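**Student:** Sequence:
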Amino acid sequence: MTTSLAATAAILFTIGTYLVLQRKLSRIIIGIGLMGHGGNILFLLSGRAGEPPLVGTGPVEDFGDPLPQAMILTAIVITFGVTALLLALAYRSWLLTDDDEVEDDVSDRIIAGGGFIDSEVTDADAALSHAIDPVPQSEERS
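The letter at position 2 of the sequence shown is residue 2 when you use this note's numbering, and the numbering goes up by one with no holes.
Hint data in this document are derived by calculation from the structure and do not stem from the laboratory.
Check the hints yourself; a few may be wrong.
Derived DEER-like restraints, expressed as beta-carbon distance ranges [to be verified]:
no.	residue 1	residue 2	range
1	D99	L54	49 to 55 Å
2	R23	V82	16 to 22 Å
3	L54	V82	32 to 38 Å
4	E101	L45	44 to 50 Å
Since we're looking at a predicted model, the values are computed, not measured.
Where a beta carbon is used, it is the ideal one built from N, C-alpha and C, also for glycine.
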């Protein structure tokens with residue numbers, strides 16, 4: 001059973017990573033959810049199997065560890081909150097752009113293409129050198 005749960009967690013992490021690397025926000029959100037579920041399965045695997053930890057039902061050595069279960073419940077709540085926030089952000093992005101695709105940043109394309117952002121500064125300096133001089137103002141103020 002432990003091997004099948006470990007394989008399931010690995011599959012969830014693999015599919016989640018693939019979806020997070022996509023360009024659509026909806027796929028990214030689903031990928032983050034799948035990775036969260038894979039993490040919950042790994043938390044489940046960290047606990048010791050045994051009887052339910054109820055007081056007065058048997059020896060303490062036979063009890064299962066309740067800490068991973070509490071951690072899983074906390075992780076489920078946190079994952080739900082993060083997913084709700086990401087869905088709200090994706091919905092807002094869809095309202096503004098009518099598409100849920102993540103666009104490239106111009107700065108990223110410049111860096112990936114081998115250009116440098118400093119070259120833009122020299123272009124701005126060249127543009128300033130050809131600009132019209134401002135009208136001189138008189139030093140007297142009324």
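**Student:** A separate judgement is required for each hint: does it hold in the structure or not?
**Tutor:** To see whether the hints hold, each was checked on the structure:
1. D99 / L54: 49 to 55 Å: holds (53 Å)
2. R23 / V82: 16 to 22 Å: Distance hint for R23, V82 holds at roughly 20 Å.
3. L54 / V82: 32 to 38 Å: Holds: the Cβ-Cβ distance is about 33 Å, inside 32 to 38 Å.
4. E101 / L45: 44 to 50 Å: violated (36 Å)
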